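S.K.: Chains L and B, in that order, are what the protein sequence lines are.
Quick note, the first sequence lines up with residues 58 to 420 if you use the numbering used here.
Quick note, the second sequence lines up with residues 58 to 420 if you use the numbering used here.
Possibly wrong hints are sitting among the right ones.
Output of the computed footprint for chain L on chain B, the stretches with three or more beta carbons under 8 Å from beta carbons of chain L [said to hold, decoys possible]:
| # | region |
| --- | --- |
| 1 | 59-71 |
| 2 | 201-212 |
| 3 | 246-254 |
| 4 | 260-266 |
| 5 | 304-310 |
| 6 | 338-345 |
| 7 | 358-368 |
Here are the simulated lysine to any residue pairs, SDA-like style, with alpha carbons at most 20 Å apart [as the list claims (entries may be wrong)]:
| # | chain 1 | residue 1 | chain 2 | residue 2 |
| --- | --- | --- | --- | --- |
| 8 | L | K416 | B | K320 |
| 9 | B | K145 | L | G101 |
| 10 | L | K123 | B | F225 |
| 11 | B | K416 | L | K302 |
| 12 | L | K123 | B | D146 |
| 13 | L | K302 | B | N86 |
| 14 | L | K200 | B | Q376 |
| 15 | B | K302 | L | T350 |
| 16 | B | K145 | L | M58 |
| 17 | L | K104 | B | F225 |
| 18 | B | K145 | B | K177 |
| 19 | L | K170 | B | K302 |
| 20 | L | K200 | B | T300 |
| 21 | L | K314 | B | D146 |
| 22 | B | K170 | L | A221 |
| 23 | B | K303 | L | M58 |
| 24 | B | K320 | L | I195 |
| 25 | L | K232 | B | D304 |
| 26 | B | K314 | L | K104 |
| 27 | B | K302 | L | M226 |
| 28 | B | K75 | B | T59 |
| 29 | B | K145 | L | I195 |
| 30 | B | K303 | L | T300 |
| 31 | L | K416 | B | F225 |
| 32 | B | K302 | L | T194 |
| 33 | L | K200 | L | P163 |
| 34 | B | K314 | L | K314 |
Looking from chain L toward chain B, a few residues come up when the C-beta cut is under 8 Å (computed) [said to hold, decoys possible]:
| # | residue |
| --- | --- |
| 35 | A120 |
| 36 | G142 |
| 37 | I323 |
| 38 | H395 |
| 39 | T399 |
| 40 | E403 |
For the record, the hints were derived by calculation from the structure and aren't laboratory data.
Treat the numbers as computed from the prediction; the structure is a model and nothing was measured.
Every residue gets a Cβ at the ideal spot worked out from N, C-alpha and C, and that includes glycine.
2 protein chains.
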Amino acid sequence: MTIYTTPILNINLKKITKNYLTLKNLCPNATPSAVIKDDAYGLGAIKISQTLYNAGCKDFFVAHAKEGAIVAPYLKDANIYVLQGIGKDSLPYFIEHNLIPVICSPEMFAYFKQTPLYQKISPIIQVETGLNRLGFTINELEKLSQNELNSFSYVLSHLSCADAPAHFMNEYQLKNFIQIKNKFFPNTKATLSASDGIFINSNYHFDMVRLGAAIYGINTTPYRTNTMQNVIEIKAPILQIKTIKKDEYVGYGATYKALKETKTAIVSIGYGDGISRSLSNRGKVVIYDSNNTPHFCPIIGRVSMDNIICDISCINNLQCGDFAYIINNDYTLDDIAHASDTIAYEVISNIGKNTRFIKNYIE
Amino acid sequence: MTIYTTPILNINLKKITKNYLTLKNLCPNATPSAVIKDDAYGLGAIKISQTLYNAGCKDFFVAHAKEGAIVAPYLKDANIYVLQGIGKDSLPYFIEHNLIPVICSPEMFAYFKQTPLYQKISPIIQVETGLNRLGFTINELEKLSQNELNSFSYVLSHLSCADAPAHFMNEYQLKNFIQIKNKFFPNTKATLSASDGIFINSNYHFDMVRLGAAIYGINTTPYRTNTMQNVIEIKAPILQIKTIKKDEYVGYGATYKALKETKTAIVSIGYGDGISRSLSNRGKVVIYDSNNTPHFCPIIGRVSMDNIICDISCINNLQCGDFAYIINNDYTLDDIAHASDTIAYEVISNIGKNTRFIKNYIE
């Protein structure tokens, strides 16, 4: 027996490359850009972007200029686009690192025109097609001069329901996007789809696709089996094993009462590591027995900041220092997202950034 | 009008000191230790621990040894206790930074005895009193020799329901703790309560209290008005203002349909910054009008990774670059936790660690 105390996050860079290349091959006529915002969904933007760069990617999207500044030194001659656009607080990052803003509004465009970058770089323009998030409306586009319209490298929009191909919003947004492109940007390149949109059909591909979630193994086609490879494994050591008596309580608020004598494992991971507290009394961890058979052990009681408690009555011969798996090939990001009533994007964003993990990259 | 794109997190160190001193004064006979685990609940362990050290705190609790190693260089001669204990993966941190483990099990104690630290430092022992999380049971304590029992500096346990003073678990755990102390640790100092426990009554104070959540302004007495000061302010710029027509949809999944023409603000913050996606269609942000009157504007549609969309129909004269407040004195950590069906501890743990914020410490 060896005692361990620290949770471990393993990130498989080979599988990230494989996912990227699979997606790229699905869109043979579009530039396959990579979305590495939010620290590459928490997995580490520097390492992930370098990996994708080495796989041939030369176009990257971040949300904030600060994120672009972090990866720029590692991505020579790549295009780094900033989705939240440009402002007084982010201008220095654009100048120092040659970042390219995605301009979302007339007000932001007016600001951009006052900066030294105007007419030196070609920004992207984002247009509104139905998401009602960022983007110029048709009324606002009509106020731009022909020279201004011609100053953009790409026209960009974003789909709201692309993970449900039959949703009426997809065709509605596609039609709006084509109308805007034809009317205002006939000679400008176009980009509409993120990972989910590319699976609808090739009408949604245009000149560039923005590959994000699917690179990280998330199933962006929830209406069918995931064709991406899981890229992460999270495991945490068992700190202690206890047998609690019938009628005893477990965890904060005494929300779990044992209906019978129950063997429990206290596992060294909690919401302080980004494991959602909504998994209290309803999540699961995977623990392997000596035959390597997986057992899906219920989380009992509330998830606390540093620990979860699991019912391990179904497994023999466990001991302190053995590991419980929070996410792996047998219990994926999408499975844990399902159990926590959210999407895999949020799960990994909250987990990956925590510095308490021992983070290993498998190359 | 000035355009901004980046969310801002302001942390008031003066109020953190004030909260610490208020709590300390409530426990005149106990050593007032500070809990700075999980990067001081996401607020920055180095800065927070230095502030508390300067206010006289000399005893600190972290969860993981790695966290202790980060703050140790700034806390000369302080005691830094590690709640998750010691293992093969964390031993080097203990040796290099003179950290003190909290030993939770016979197995961990057996490991500790093999390390060069045994008989050089006095660890804390954690005992089980009813939470059924970490800690020695009475059966396990009975197997320790008198010398072993005497080797600990403190006997520690943790309450499960201290935020509800009338809960039967409090008296039950107190009784168990006193029995264990009297039987096994008559001459050892004792610590039972975190922030919430100290408010039950002074019987719960013992020799050391572990002040955490309340220092950070969280209401650990939800049965009455918070007596702590709010210490954080989170605000994010409005990137764009839009008027959407009746029957248009907002955000991913088209989950929000406008029942009338609606003025919206797209705010530059999202679950990538730790703002829970569970606030979709039910959270609020605070926006101030020109008279500085707060308006609680509903989040409409889903929270996305980088943006939330708010209904601002009730406010005139807003413009791009104005700020929406996510957490402040008018809408506290506890308010947003309530809206997201969780506790303030989890809210701030997920938000504070995100590097996308401009983080300012107010001294």
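S.K.: Between the alpha carbons of K303/B and M58/L, is the straight-line distance 20 Å or under?
M.R.: It is violated: about 65 Å lies between the C-alpha atoms, which goes past 20 Å.
S.K.: With a cut-off of 20 Å on the C-alpha distance, tell me whether K200/L and T300/B pass.
M.R.: Distance ~17 Å between K200/L and T300/B Cα, so the pair holds.
S.K.: Within 20 Å, alpha carbon to alpha carbon, are K123/L and F225/B?
M.R.: 51 Å, violated
S.K.: Hint check: K200/L vs P163/L, CA-CA at most 20 Å. Holds or violated?
M.R.: 9 Å, holds
S.K.: Taking only the CA atoms, is the gap from K320/B to I195/L under or equal to 20 Å?
M.R.: 17 Å, holds
S.K.: Hey, K170/B versus A221/L, does the alpha-carbon distance stay inside 20 Å?
M.R.: Violated: K170/B and A221/L sit about 58 Å apart, past 20 Å.
S.K.: Examine the region 260-266 of chain B: at least three residues should have C-beta closer than 8 Å to a C-beta of chain L.
M.R.: Since 0 is below three, the answer is violated.
S.K.: When you check the alpha-carbon spacing of K302/L and N86/B, does it fall within 20 Å?
M.R.: Violated. K302/L to N86/B sits at ~36 Å, over the 20 Å cutoff.
S.K.: Tell me if chain L covers the region 201-212 of chain B under the three-residue, 8 Å CB rule, please?
M.R.: Result for this restraint: violated, n = 0.
S.K.: Holds or violated: K170/L with K302/B, Cα cutoff 20 Å?
M.R.: 30 Å, violated
S.K.: Do the alpha carbons of K314/L and D146/B lie within 20 Å of each other, as the hint requires?
M.R.: 33 Å, violated
S.K.: For the pair supplied as a hint, K302/B and T350/L, is the alpha-carbon distance within the 20 Å limit?
M.R.: Roughly 55 Å separates the two Cα atoms, so the pair is violated.
This entry does not satisfy hints 2, 3, 4, 6, 8, 9, 10, 11, 12, 13, 15, 17, 19, 21, 22, 23, 26, 28, 29, 30, 31, 34, 38, going by the numbered hints stated previously.
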